[in-house]
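Engineer: This is what each chain is made of:
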Amino acid sequence: MRKNKLININNKKTRNYLIVFLLVAVFLLSLVYFTSLVSAQEVKYCCEKTIYDAWCQNAPQEQCNQEFRSTPTSCEATSFCKLGCCYDSSEGICMENTPQKVCDLSEGTWSESKECDIPQCNLGCCVIGTQAAYVSLTRCKKLSSFYGLQTDFRKQINSEVECLSLASLADEGACVYEVDFVKSCKFTSRQGCNNIKEGMKIGNETEITGGSVTGNVSFYKDYLCSAEELGNLCGLTKETTCIEGKDEVYFKDSCGNPANIYDSSKINDKAYWRKKISKAESCGFGSANINSGGCGNCDYFSGSICKNYKTAKSSKPSYGNNICQDLNCKKTSDGSKRHGESWCSTDENEDSVGSRYFRHICMNGEEILEPCADFRQEECIQDSINGFSQAGCRVNRWQDCYSQSEKIDCENTDKRDCVWKYDRDEVETRKVETTTTISGAEGAAGTTLPTEVSQPVTIACFPEHAPGLKFWEEGEAQGICSLANTQCEVEFEKKGLIFSSKDCKSGCECLEDSWKQEKLVTCEAIGDCGAKINFVGIKGFKEGYKTKTEKVKEEESGGGGLFGISLVLNKLGITGRAVEKQVEVKNIEKERV
Amino acid sequence: MIMREGIKRGKIINKKSQVTLWIIIAIVIIALIALIFYLTPLKTIFFPSIPQVEFEGCVEKIDEALELIGERGGSMNPALGYAYEGEKIEYLCYTNQYYKTCTMQQPLLKQHMEREILDYIKPETLSCIENVKNDLRKQGWQVSGDSDLNIEILQDNIKISISGINLRKEDTGESYKKFEFYYKSRIYDLIMITSSILNWEARYGDSETTTYMAYYPNIKVEKYKQEDGSKVYKLTERESQEKFVFATRSLSWPGGYGFGEIYTPRSLSLENEKK
Numbered sequence: 000m001r002k003n004k005l006i007n008i009n010n011k012k013t014r015n016y017l018i019v020f021l022l023v024a025v026f027l028l029s030l031v032y033f034t035s036l037v038s039a040q041e042v043k044y045c046c047e048k049t050i051y052d053a054w055c056q057n058a059p060q061e062q063c064n065q066e067f068r069s070t071p072t073s074c075e076a077t078s079f080c081k082l083g084c085c086y087d088s089s090e091g092i093c094m095e096n097t098p099q100k101v102c103d104l105s106e107g108t109w110s111e112s113k114e115c116d117i118p119q120c121n122l123g124c125c126v127i128g129t130q131a132a133y134v135s136l137t138r139c140k141k142l143s144s145f146y147g148l149q150t151d152f153r154k155q156i157n158s159e160v161e162c163l164s165l166a167s168l169a170d171e172g173a174c175v176y177e178v179d180f181v182k183s184c185k186f187t188s189r190q191g192c193n194n195i196k197e198g199m200k201i202g203n204e205t206e207i208t209g210g211s212v213t214g215n216v217s218f219y220k221d222y223l224c225s226a227e228e229l230g231n232l233c234g235l236t237k238e239t240t241c242i243e244g245k246d247e248v249y250f251k252d253s254c255g256n257p258a259n260i261y262d263s264s265k266i267n268d269k270a271y272w273r274k275k276i277s278k279a280e281s282c283g284f285g286s287a288n289i290n291s292g293g294c295g296n297c298d299y300f301s302g303s304i305c306k307n308y309k310t311a312k313s314s315k316p317s318y319g320n321n322i323c324q325d326l327n328c329k330k331t332s333d334g335s336k337r338h339g340e341s342w343c344s345t346d347e348n349e350d351s352v353g354s355r356y357f358r359h360i361c362m363n364g365e366e367i368l369e370p371c372a373d374f375r376q377e378e379c380i381q382d383s384i385n386g387f388s389q390a391g392c393r394v395n396r397w398q399d400c401y402s403q404s405e406k407i408d409c410e411n412t413d414k415r416d417c418v419w420k421y422d423r424d425e426v427e428t429r430k431v432e433t434t435t436t437i438s439g440a441e442g443a444a445g446t447t448l449p450t451e452v453s454q455p456v457t458i459a460c461f462p463e464h465a466p467g468l469k470f471w472e473e474g475e476a477q478g479i480c481s482l483a484n485t486q487c488e489v490e491f492e493k494k495g496l497i498f499s500s501k502d503c504k505s506g507c508e509c510l511e512d513s514w515k516q517e518k519l520v521t522c523e524a525i526g527d528c529g530a531k532i533n534f535v536g537i538k539g540f541k542e543g544y545k546t547k548t549e550k551v552k553e554e555e556s557g558g559g560g561l562f563g564i565s566l567v568l569n570k571l572g573i574t575g576r577a578v579e580k581q582v583e584v585k586n587i588e589k590e591r592v
Numbered sequence: 000m001i002m003r004e005g006i007k008r009g010k011i012i013n014k015k016s017q018v019t020l021w022i023i024i025a026i027v028i029i030a031l032i033a034l035i036f037y038l039t040p041l042k043t044i045f046f047p048s049i050p051q052v053e054f055e056g057c058v059e060k061i062d063e064a065l066e067l068i069g070e071r072g073g074s075m076n077p078a079l080g081y082a083y084e085g086e087k088i089e090y091l092c093y094t095n096q097y098y099k100t101c102t103m104q105q106p107l108l109k110q111h112m113e114r115e116i117l118d119y120i121k122p123e124t125l126s127c128i129e130n131v132k133n134d135l136r137k138q139g140w141q142v143s144g145d146s147d148l149n150i151e152i153l154q155d156n157i158k159i160s161i162s163g164i165n166l167r168k169e170d171t172g173e174s175y176k177k178f179e180f181y182y183k184s185r186i187y188d189l190i191m192i193t194s195s196i197l198n199w200e201a202r203y204g205d206s207e208t209t210t211y212m213a214y215y216p217n218i219k220v221e222k223y224k225q226e227d228g229s230k231v232y233k234l235t236e237r238e239s240q241e242k243f244v245f246a247t248r249s250l251s252w253p254g255g256y257g258f259g260e261i262y263t264p265r266s267l268s269l270e271n272e273k274k
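Going line by line, the protein sequences match chains E and B.
Residues 0 to 592 (numbering that gives the first Met the number 0) are what the first sequence spells out, left to right.
Residues 0 to 274 (numbering that gives the first Met the number 0) are what the second sequence spells out, left to right.
Worth double-checking, as some hints may not be accurate.
Said to hold, decoys possible - Among chain B residues calculated to face chain E with C-beta under 8 Å, some are: (1) Val18; (2) Ala82; (3) Gly85; (4) Gln96; (5) Tyr98; (6) Pro106; (7) Leu107; (8) His111; (9) Arg202; (10) Thr210; (11) Met212.
As the list claims (entries may be wrong) - Footprint (simulated), chain B over chain E, 3 or more residues, beta carbon under 8 Å: (12) 56 to 63; (13) 255 to 266; (14) 328 to 340.
Derived by calculation from the structure, the hints in this document are not laboratory data.
Cβ coordinates follow ideal geometry from the N, Cα and C atoms, glycine included.
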């Protein structure tokens, strides 16, 4: 059935017409591309600064700020706009893709490596107390200084995961000391305790309790300050606390030190207040313990974090004021979602004019909407593992769909996002003369060479998600939409002289409305072409296409006999046009929203 | 019996007049205190100024400066900016081309912001400092030196230093040479995350917001891709609700193929159309 509706390319005349027509379309399209390409190449300068205050841009000469340098070459080939690494020696930060001039003006140290592959930017593991960061040495020194700790940089560790796991292995325990002959304690790292020994500051706090350390300072690994045998001032309380950088609710001793993870059943259990107990051995491990009144073993990745019960809008826990806050999203545009989940959506009318894809994220109990690139140049892809969905915006690789002549190439998802819409696995091709520009080294002007490429005689491979086009601008959109132009020849047989009648002989399917509808669907599949509706469901002010019927040739004439037969060839054509005026509708709707 | 009642009544009357008298005295005292506050010289006699407190009042503009700079991408008056929700937001990494990654425009963002904040608060703050110095002179302080201001963005706060002042009070022996104020702010964290996002934009053309939110639960990162390929990033510190908004334009895709197209910022193309 579908075969009958397509143009009969076995008919020699039809085929010739079609080939000529497609070649003209391809030629016009190429002309539009290359004219714009060549004209753009002609005017490209490297502006040290543009008139709109952007540093080091390749732009037409009239956009270069005359007070700064400009050369008729790519910025990569200039000395003043060469990209490199800008190193901030005070913060230990390396900024990539920075022009030398910009770095010099900012008083940074510039080096030629664009991706900052220089010794100063080499990463290592910075251990800061019981935490770790995978940063450069200078950055490590800076971070350590914030916490008043000595720099512990381990350059032999070369992965972030390894570095973070190292942090959990760091020694932590009770640091017992005497201040003005009174025994006190601080729960800290071994390094932190050494700092107390040296009379140094701890973090942002002033000197220990305002007095001076008068006795021995001893570190008891894994012990809590509330351990009886340590014999200090710190005792048990019914208070809890949240610690920055940690997820769980912790018991707090009378000196303000954190103890073990809050567990209401262990409030008076002296053994629980004696030594550090791991998260895995604490109450409710493996669960988020959301809004639990008795267990504070929260887990950020499972959807909970320590918060004051009032902020968390929860009921008061059995002891203290902190609880595991629920971070899941109860109400989103797509029902309830778990903390960290992401999912896709698009406008109601998929791939309509002005529509785009969106990624939704549930984070900290909030739904965050992240639009993918406009003009459907990005699509949203989604998958789920054990019911936990993850989504992301990915480039829509539609650009070379139209030039595919084989199904296997068209549907190669490693290379492109296209769909094959043809009744055979291959489509006939023609060799077309074209030109290819080979870019020179470091952005220098390229060479244009004549080449021969194979072009399908009809479009059989379409973008899976039709791209948006700037149809309100002259040029490219018209060129792309013209790929949908099609024509069909219908052959009639004229019978009789006085009471003549016309009988359709071939190509009759083109006379049916379904043929036109199919061609319009094809037209719309190319991009923002044809009679498309916009993202709020409104049609354009114009039809979006043209149909034309014309008599091509009278091949044979009966010449008047009663039984004379004449053959008439009619050409039926559809011209796809870029959607017009719809942008106005879209804008009105946007304002209305 | 009648006599006793009369005496009682007399006592009540006396008590009433006493209360009235005390009320009048209280009103007079309050009025006198109010008068003291109106008459500055007297105020300074009874309540001598504490220089630290007086100078602290001069640096309050930092609040306004931080809010403005946070909304505008780190510059008070962004030169290269994207118009978004009524504000011009600075492009910190930018390319005018399609299919290309961006070029860094503000590599040392922290230092740049320190300079911007300083330039913004300096005129008003120095003028206020001069007024405070004059007040202190009236109270018997020996004041000399030209004051200078410095700003440093630190991890949990912003350090504002007033230097170049010599304050000395002979009778008490008090003397000051420098004042330092710490304004609580989480802008440092937001700047460091911004720097990381910018490196991702410069190298790969985009960044993954959920990674930052997973590592830093207290930071919310939002990304809004615009029609012209620009991206507006909104970073929010959840506790303090401090915000830092900035724009980038990297690895943009035009509508269609966009061959040879060179993007011109919207503000500039509008100007050209007007011409």
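Engineer: Taking each numbered hint in turn, which are not upheld by the structure, reported in ascending numerical order?
Structural biologist: Hints 1, 2, 3, 5, 10, 13 and 14 are the ones this structure does not satisfy, whereas the remaining hints hold.
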